[in-house]
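Novice: Each chain, letter by letter, is given below.
2 protein chains.
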Amino acid sequence: MEPIADAAITDPIGFSAGAVHAGIKKDGLSLDLCIVASDRPATAAGVFTRNKVRAAPVKLSEERLRAGRCQAVIVNAGNANACTGERGMSDAQRMTELAAAKLGMSARDVVVASTGVIGVHLPMELIERGVGRIELSPKGGHDAARAIMTTDTRPKEAGLRIRLGGQNVAVAGMAKGSGMIHPNMATMLSFVATDAAVAPSFLRRALAEAVNGSFNQMTVDGDTSTNDTLVLLANGAAGNSPLDGSDRDSRTFADALLQVTAELAKAVARDGEGATKFIEVVVEGAASVDDARRAAKAVVGSSLVKTAVYGADPNWGRVLCALGYSGAEVEERKVDLRIGEVWLMRGGELQSFDRQAGVRALSQDEVTIAVNLNIGSGRGVAWGCDLTEGYVEINGKYTT
Amino acid sequence: MEPIADAAITDPIGFSAGAVHAGIKKDGLSLDLCIVASDRPATAAGVFTRNKVRAAPVKLSEERLRAGRCQAVIVNAGNANACTGERGMSDAQRMTELAAAKLGMSARDVVVASTGVIGVHLPMELIERGVGRIELSPKGGHDAARAIMTTDTRPKEAGLRIRLGGQNVAVAGMAKGSGMIHPNMATMLSFVATDAAVAPSFLRRALAEAVNGSFNQMTVDGDTSTNDTLVLLANGAAGNSPLDGSDRDSRTFADALLQVTAELAKAVARDGEGATKFIEVVVEGAASVDDARRAAKAVVGSSLVKTAVYGADPNWGRVLCALGYSGAEVEERKVDLRIGEVWLMRGGELQSFDRQAGVRALSQDEVTIAVNLNIGSGRGVAWGCDLTEGYVEINGKYTT
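Going down the list, the sequences are from chains A and B.
Residue numbering for the first sequence follows our numbering, beginning at 1 and increasing consecutively.
Residue numbering for the second sequence follows our numbering, beginning at 401 and increasing consecutively.
Just so you know, these hints were derived from the structure itself, not from any lab.
It should be emphasised that the depicted structure is a prediction, and the values quoted were computed from it without experimental measurement.
Built from N, CA and C at the ideal position, the CB exists for glycine as well.
Any given hint could be a false lead.
Below, simulated DSS-like cross-link-like pairs (lysine-lysine); rule was C-alpha separation at most 25 angstroms, straight line [what the hints assert, rightly or not]:
no., chain 1, residue 1, chain 2, residue 2
1, A, 52, B, 734
2, A, 59, B, 734
3, B, 459, B, 425
4, B, 452, A, 334
5, B, 459, A, 334
Distance windows between CB atoms, simulated [unchecked claim]:
no., chain 1, residue 1, chain 2, residue 2, range
6, B, 756, A, 62, 36 to 44 angstroms
7, B, 608, A, 379, 53 to 61 angstroms
8, B, 777, A, 363, 47 to 55 angstroms
9, B, 450, A, 153, 34 to 42 angstroms
Quick look at which bits of chain B chain A covers, simulated, 3 or more residues with Cβ under 8 angstroms [claimed, not checked]:
no., segment
10, 730-744
11, 748-762
Can you build the whole structure from these sequences, using the hints too?
Specialist: Rendered as structure tokens:
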């Protein structure tokens with residue numbers, strides 16, 4: 001397994017992408033509309049927000065992906081096409097038709113995603129003209145990663161190369177999101193492509209497993225979006241024998257998928273709105289993996305922990321408090337707690353620690369909070385970021 | 401039912417209180433230790449944090465209140481006596497002994513509460529000297545309300561007078577809390593006294609019901625504290641025939657208790673750390689009361705709604721989004737939504753609204769968000785506050 005340097009979603013064989021500034025974003029220059037396409041039909045799977053209020057493109061794409069295949073994705077930023085009623089549904093449908101006409105395929109093989117302001121109808125004329133100007137190329141991946149950004153400060157891309165049955169296979173993807181980010185399906189949008197050949201049912205299973213260990217363990221602000229979408233396309237261009245989940249190659253592929261999605265999830269957390277620090281919480285010794293993940297997520301999601309990290313204040317009590325309300329089994333007198341390399345608590349007992357060392361551990365760009373519950377063998381990791389004045393400023397001023 | 405002007409916990413007959421600066425708070429002057437006592441034994445009930453990590457005074461007081469009686473409460477601010485192990489338990493026990501010795505009663509009739517920094521042992525010498533200097537008086541209620549404050553900017557007190565079987569009865573209380581505040585049992589500390597005579601089992605029931613409609617519907621930052629405590633004392637000095645829940649007087653008492661605790665809960669929300677605005681969310685037409693309360697709480701607890709209120713941005717999409725993930729039954733196309741007097745959505749359809757009117761509605765000190773889910777007849781209310789740079793600043797700098 002080898003990381004792809006400067007990865008893009010177009011690294012797997014047969015994928016191309018292109019993006020334009022269609023004018024949905026008001027700044028007159030940022031890319032805001034893109035298409036990613038495979039040169040041949042692909043097996044596909046998707047995971048979508050569990051919010052009961054779902055954007056039109058989420059409803060349409062989920063429906064389309066029931067068939068287990070998809071050849072292209074069209075995405076706009078600047079407008080979420082959420083809470084837009086019947087017209088929103090027909091606009092979403094129309095976006096897939098525009099992309100399909102351009103690419104010479106059926107609209108049923110196209111899915112759509114949107115991100116941005118909620119409750120405003122899409123400017124369909126701008127989108128129609130924009131689609132006309134998109135030029136797809138195998139080098140277009142980086143542009144696509146930029147075109148899906150909203151309040152993101154940088155594009156998020158990751159990729160790996162693996163060997164499957166003697167063939168070189170690439171798994172690569174992109175994500176966007178830095179606010180309204182929380183499980184379930186934490187990033188607002190992510191797209192992953194691979195040239196592996198994968199059976200539809202295993203692709204769905206591998207994706208669900210990867211999401212549980214990656215996007216669902218990441219939180220920025222506790223708000224589950226109306227638009228969260230992750231779409232995975234596997235076009236088989238690498239020529240491996242199709243993976244069905246039964247062999248070692250399938251395991252290798254699932255591991256690579258988890259690693260790529262985890263990289264993307266971490267990149268989203270790192271770019272959380274207003275964030276100055278990335279936080280990783282590792283919980284070991286939990287009664288179960290679920291308990292460990294739940295506990296880690298409660299700690300990384302606590303506003304008080306997030307502000308303490310921001311202020312570089314080794315306020316370990318807030319960590320204990322979050323563990324206590326996480327829902328995980330916790331026995332106070334068994335807990336070990338470490339921030340960076342500084343042990344704060346062992347067996348539930350406060351350790352005398354050098355406060356300055358604690359402050360230093362919290363003054364890094366990447367802060368690790370490690371907990372051992374000493375109850376069982378469950379392990380879980382979660383990612384997030386600090387809570388700063390910047391988050392408040394961005395969200396107090398984002399225009400509806 | 402008549403509000404008590406300038407209410408204090410010592411308004412009911414037979415209650416007295418006193419407070420001193422014991423030196424637990426480091427500023428050298430603020431009141432930080434108080435005792436509230438009844439001149440005769442009282443029926444008592446308590447509600448405590450559901451966090452699995454529980455402070456020593458919570459464990460001790462919950463145990464004591466099993467007997468259904470209590471005559472005095474000792475409270476300190478500046479130190480939560482949480483995550484303090486065995487020594488924390490004996491310190492809590494010692495606090496009740498000091499108060500009991502001073503008042504000439506058994507320590508079993510005293511409960512204790514603490515609030516402040518987590519994980520630091522109490523300065524017992526200062527507390528011992530402080531208890532010696534406390535002078536209780538029927539006018540000491542306001543001082544007690546100040547002595548339980550931490551980051552609060554003002555004391556929180558409320559009271560009502562009612563008539564029960566021809567007798568005048570008072571119900572009055574105090575609360576503190578402005579951070580680490582969230583259901584369940586949202587305020588960190590609250591104490592309510594009444595001179596009504598109430599049977600222990602009905603007192604417990606009335607308290608649980610009142611808390612569900614008051615403190616549990618209030619959130620500041622989503623963090624459930626280790627120390628949340630609400631203690632209610634009913635000393636019977638008013639001379640009414642004891643309430644057992646079966647008659648109209650019992651209903652009157654329960655209503656008064658709900659109203660007093662709701663006033664206190666709202667005061668806590670209004671004083672949320674860094675808050676500039678108070679938010680009330682009213683959800684009607686839900687499938688059940690539970691659903692309505694859940695939905696209202698999700699909206700008032702959403703970081704994105706809170707920042708939108710702060711920025712006076714009528715971003716109604718964030719309200720819809722929070723309803724969608726609340727867990728309540730929601731059908732997007734049935735939702736009516738109003739902010740202040742401005743209708744934003746009816747039957748799931750966007751209303752064209754004057755943006756400036758929306759901004760004005762959100763620029764008030766008290767903002768009301770009203771939702772009708774149009775599914776059933778459940779109604780619920782929740783209270784919170786906006787999220788500001790001030791919250792981040794306070795919590796980034798609070799010293800462990």
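Novice: Taking the hints in turn, state whether each one holds.
Specialist: Against the structure, the hints:
no.: 1; hint: 52(A) to 734(B); result: holds (13 angstroms)
no.: 2; hint: 59(A) to 734(B); result: holds (18 angstroms)
no.: 3; hint: 459(B) to 425(B); result: holds (23 angstroms)
no.: 4; hint: 452(B) to 334(A); result: holds (13 angstroms)
no.: 5; hint: 459(B) to 334(A); result: holds (18 angstroms)
no.: 6; hint: 756(B) to 62(A): 36 to 44 angstroms; result: holds (38 angstroms)
no.: 7; hint: 608(B) to 379(A): 53 to 61 angstroms; result: violated (38 angstroms)
no.: 8; hint: 777(B) to 363(A): 47 to 55 angstroms; result: holds (54 angstroms)
no.: 9; hint: 450(B) to 153(A): 34 to 42 angstroms; result: holds (38 angstroms)
no.: 10; hint: 730-744; result: holds (count 3)
no.: 11; hint: 748-762; result: holds (count 3)
When the structure is compared with the earlier hints, a violation turns up for hint 7 alone.
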